[in-house]
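S.K.: Each chain, letter by letter, is given below.
4 protein chains.
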Amino acid sequence: MSIRNISAEGSWFIEFNTPFSWHVRGVKRVLYSGTTKYQRVAVVEFEDLGKALILDGKVQSSFYDEFVYHESLVHPVMITHPNPRRVLILGGGEGATAREVLRHRSVEEVVMVDIDNEVLRLVKEYLPEMSQGVFEDSRFKLVIDDGRKFLERSRDKYDVIILDLTDPLEGGPSYLLYTVEFYSIVRDRLSDDGLMVTQATSTSYSLRTFATIYRTIASVFPIARAYQVYMHSFDSTWGFVIGSKRLDPASLSLEDVNGRIRERIGKELRFYEGDIHRALFALPKHIRAVLEDKSIMPATDKNPTFLPA
Amino acid sequence: MSIRNISAEGSWFIEFNTPFSWHVRGVKRVLYSGTTKYQRVAVVEFEDLGKALILDGKVQSSFYDEFVYHESLVHPVMITHPNPRRVLILGGGEGATAREVLRHRSVEEVVMVDIDNEVLRLVKEYLPEMSQGVFEDSRFKLVIDDGRKFLERSRDKYDVIILDLTDPLEGGPSYLLYTVEFYSIVRDRLSDDGLMVTQATSTSYSLRTFATIYRTIASVFPIARAYQVYMHSFDSTWGFVIGSKRLDPASLSLEDVNGRIRERIGKELRFYEGDIHRALFALPKHIRAVLEDKSIMPATDKNPTFLPA
Amino acid sequence: MSIRNISAEGSWFIEFNTPFSWHVRGVKRVLYSGTTKYQRVAVVEFEDLGKALILDGKVQSSFYDEFVYHESLVHPVMITHPNPRRVLILGGGEGATAREVLRHRSVEEVVMVDIDNEVLRLVKEYLPEMSQGVFEDSRFKLVIDDGRKFLERSRDKYDVIILDLTDPLEGGPSYLLYTVEFYSIVRDRLSDDGLMVTQATSTSYSLRTFATIYRTIASVFPIARAYQVYMHSFDSTWGFVIGSKRLDPASLSLEDVNGRIRERIGKELRFYEGDIHRALFALPKHIRAVLEDKSIMPATDKNPTFLPA
Amino acid sequence: MSIRNISAEGSWFIEFNTPFSWHVRGVKRVLYSGTTKYQRVAVVEFEDLGKALILDGKVQSSFYDEFVYHESLVHPVMITHPNPRRVLILGGGEGATAREVLRHRSVEEVVMVDIDNEVLRLVKEYLPEMSQGVFEDSRFKLVIDDGRKFLERSRDKYDVIILDLTDPLEGGPSYLLYTVEFYSIVRDRLSDDGLMVTQATSTSYSLRTFATIYRTIASVFPIARAYQVYMHSFDSTWGFVIGSKRLDPASLSLEDVNGRIRERIGKELRFYEGDIHRALFALPKHIRAVLEDKSIMPATDKNPTFLPA
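Protein chains in written order, with the UniProt record's numbering: chain A, 1 to 309; chain B, 1 to 309; chain C, 1 to 309; chain D, 1 to 309.
Bound-form chain A, shown alone (with noise of 0.2 angstroms):
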């Protein structure tokens, strides 16, 4: 691969992982650049990675790995609820995450809460591949508003919330999202075996944040579980964390997890199984040592967690 094949395009998406740590990457074509209401976006074909949104500079899932992501937010709470029939994903905007949901048999509703309604219409045009029809499903409803408005006016009851949000970053649209006071909305809006989710940033760029949104959602559920999966588009492990009323995901054996996803999905997943279940909640020690650090607060609306930038 020769220098003049690199720079025949000469356009390159740079992801500022810190100020010392960037990634560069090619980028093949550009679908659309633009900014809406809430946020900078771009829908790019990387060389490598393939078509991919991205959204304030960050890649929210690409064609080559979002099946990873959006499995592995999806399934292990899915799965650990007995009967999950009525789902709420706030976020969520390539409607890949709704499709996971809508893989199981049980689900009769899914609400999909997302802000920007610019950025709906982008997907639909430029990555129907993403949401493969899951706008049009009859169980499928979508509101374009404020998550958090959503939930403080809504009455309904969940089995399961998903939050599919944009990293908390100072500033951004997100940041909170991820306090103590929204996580006891959303533990109020769940069924008495309901269980929650959120992405967690990376665990390798920001593992204080990590840690904190795992120690503010400690801090609101009885039961809280940290784990992580390696996304390629991320350039890193990334981080999620369930908040549950009563249900321990961590609890789940092989068998359990398999049995479960032939009974309700009837056929195999992608990326999610038995044993990548139970190697998601497999943390190291160095981090399980920053996960139980008790001089990182939880975040509040007063002290909310941004990404270090």
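Heads up, some of the hints might be wrong.
For chains that are exact copies, the list does not tell them apart, and a pair is met inside one copy or across any two.
List of simulated lysine to aspartate or glutamate pairs, EDC-like, C-alpha gap at most 20 angstroms [said to hold, decoys possible]:
| id | residue 1 | residue 2 |
| --- | --- | --- |
| 1 | 285 | 273 |
| 2 | 28 | 15 |
| 3 | 294 | 156 |
| 4 | 149 | 129 |
| 5 | 157 | 47 |
| 6 | 285 | 255 |
| 7 | 58 | 47 |
| 8 | 28 | 118 |
| 9 | 285 | 268 |
| 10 | 285 | 256 |
| 11 | 141 | 268 |
| 12 | 124 | 156 |
| 13 | 285 | 109 |
FYI, nobody ran anything at the bench for these hints, they're computed from the structure.
Given the structure of chain A, go ahead and fit chains B, C and D onto it with the hints provided.
M.R.: Leaving out everything else, chains B, C and D in the frame of chain A:
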């Protein structure tokens, strides 16, 4: 300026001047990116340079200093000629070269021959500020064709021929427009007082290519003159070479130049004027030394010159 | 973090994972940079990873997570073997691989064969924290030699052979240490319960190379097992492959692993433990699919495998 | 040139001209990298520019074109002065500025005042080609001191004062050497025919800073002249400003300059000569417009000018 701001978009353009020397520029917006029959095209808005046209990964011109490039390309030959009426442009997609030519009241006809219709369409749609309506000027005639084929077929004579071409890249569309054979055809299409000028690549990053173009033209024309100007958008000093049948641009005094600008154009230009004309031709010794290097052979169709890559 | 701070030093390290995917890291200090008889060497202090050894432009290990790499390389085979006494290391310049081997009380002798004496000198001078005195351990024996030649001459038998080599780069010193012929020699030098392990490149950036190494070892050993771990310093998940004559590392239970660590090492390790052992071998379906791809042929001396570049 | 070759070393230097415009250069070898009492220092060998001195992340000079910089800084004032005997240099660590001054036979004494003894030591050790023995010249006198303090204490008069300083960076060692107060001290230390010159940052990346320095000097000296030269190593055109008590460098003819070079230096220089002198002062309109912008206030100790960063 914090890294957050820098990464806000995440989209960058990298120009590989050499494998070991690259320029990285922040991109505010990508207006278009795609591939024509002949080359890869991008129209972007840079954070620092404003809107720009990029062909095969090389910035062709930007709002920041396209006037410096186009005035330096066009006016030295136009001003040297006593009464230029018929002018031929090969390349010049943006229309800015024709724009500068048409400032000269003496001009009765400008023929522009560009091979890539699609680029012309994109330029009209995304960069109308560059052509400023010349495409509608009654004196302007557009021909979509291969420049060399056009000249071989043509029997017309021109007072000035301007070669506003992409660099001679191996496998690119232009490398056969920098050879003895081609310049001989150009010479034969010039009137007795005729001059030609070509862009001649970077005098910093590809000095030997610049010298090869100079020595090639010097082997075909009785008078050859090389000059350079600093182009911020090209990240270097840029070279031009004039081939002339009789008139010597270097012999014009500061007053000659300013006088002819007054009569023939009637108002000041943004960049080009008498003392700039003089400065353009004041090449430093270490560049003159390479221009005079007899071991550098003229480029021929059999042994063309290519940009180092 | 402002751009001023970033540019304060101006020195960066770029690792070209592929021509279209690079990682850029801020360098605080360059402790050494030069070229030995075999490779280019740099010892730098990264802003984020601390001190690191770089060979031929690839980070070999950094203070940030060298323990993850070296524990993942060494302990799965060592723990699987009931009583490893004689261990051979090929490569392992930093001394950290020997350091981990010597934690096992059963070990009577470790022979380390490295080709590059100069790298060893630099490591002792600039990275003593990595070897932690093993070079002085009475059980440790250093041989400066070509690893393959050494094995061909040797008649000794080893319980465990650890291949801690640089990647198989075309023209590099290591590509003939990833072939059927070489692994057959390794097998013949192993005792009846013997196991070998090799680093096997990135499972994200060079999955086919990883699969080729797996399929090559599977063609030589009755038991072959592939596993991976996330290495932040390598910017990806990293692969390892075990070849075994009789014992299967995948059959060890969480309790087996923790029990043997207790008896044989006597204290906890920083990274490796029972559930990590299990997680290492839990490869996702899309990786398993490539490992099972029968169109991927074993590498031979005539047709070696090379990293894509 | 393949990516393998590029990544062979992996060490790069990035100069952040602005947060949105960076230059990336391949580093062949890092000869030294460390921090003195005043600044961060690196001496590297670039793949393209050869050996170079880097202070606080900015290339100060490289073998590729240090002669262009130092001749452009030194000779215009030296040639304008009829008989320069006593010359003061503030800064000028590499010794190349003194080297050019000492080419003038009229010179009886050069005093060089630099604050950073450690940089001088490193330059002598790693870049002796720059000073070419001037540190041993009987007419050369070195003073390790703060340049401004030295001038405040000194009662001596100089024919020429050359300010070869680092850029006015906030928090850097030099920003108080670009103010009305400082230039007034300089003026008072000049003989009646005396001239001073200062480097004045990039005319491409920091045109307003260049203009501020010009307008500051113009507020202190009866005659102020700004000029620029293209510096490949600085990736831009570079500015200089002369302050003069009586003599006007712009009034010298091409012949004056060449004549004085002959008598006073006795042989040709590598870069500077009559027509280059003239070209240096031929600033384009868009730069002159900013220099004449009356809204740009002179810099004072209370309101200094800083490089945008």
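S.K.: All hints, please: hold or fail.
M.R.: Going through the hints against the structure:
For the homomeric pair residue 285 and residue 273, the shortest alpha-carbon distance between copies (9 angstroms) is at most 20 angstroms, but the shortest distance inside one copy (24 angstroms) is not. In the homo-oligomer, the alpha carbons of residue 28 and residue 15 lie at most 20 angstroms apart both inside one protomer (16 angstroms) and across protomers (15 angstroms), since each shortest distance falls under that limit. With identical chains, the CA atoms of residue 294 and residue 156 are never at most 20 angstroms apart, being 35 angstroms at best within one copy and 53 angstroms at best between copies. In this homomeric assembly, residue 149 and residue 129 never come within 20 angstroms of each other (Cα to Cα): the closest approach is 30 angstroms inside a single copy and 45 angstroms across copies.
In this assembly of identical chains, the alpha carbons of residue 157 and residue 47 never lie at most 20 angstroms apart, being 44 angstroms within a copy and 47 angstroms across copies at closest. Proximity of residue 285 and residue 255 under a CA criterion of 20 angstroms is satisfied inter-copy only: 17 angstroms between copies versus 26 angstroms inside one chain copy. Both within a single protomer and between protomers do residue 58 and residue 47 lie at most 20 angstroms apart by alpha-carbon distance, with minima of 17 angstroms and 18 angstroms respectively. Taking CA atoms no more than 20 angstroms apart as the test, residue 28 paired with residue 118 passes between copies only; the shortest distance there is 19 angstroms, against 24 angstroms inside one copy.
For the identical chains of this complex, residue 285 and residue 268 are inter-copy neighbours only, at 10 angstroms across copies versus 31 angstroms inside a copy, given an alpha-carbon limit of 20 angstroms. For the homomeric pair residue 285 and residue 256, the shortest alpha-carbon distance between copies (19 angstroms) is at most 20 angstroms, but the shortest distance inside one copy (26 angstroms) is not. Within a single copy, residue 141 and residue 268 get their C-alpha atoms no closer than 26 angstroms, and across copies no closer than 51 angstroms, so neither meets the 20 angstroms cut-off. Proximity of residue 124 to residue 156 under the C-alpha cut-off of 20 angstroms is found in neither arrangement, the shortest distances being 28 angstroms within a copy and 54 angstroms between copies.
In this assembly of identical chains, residue 285 and residue 109 lie within 20 angstroms of each other by CA distance neither inside one copy nor across copies; the values are 39 angstroms within and 30 angstroms between.
Hints 3, 4, 5, 11, 12, 13 from the earlier list are contradicted by this structure; the remaining hints agree with it.
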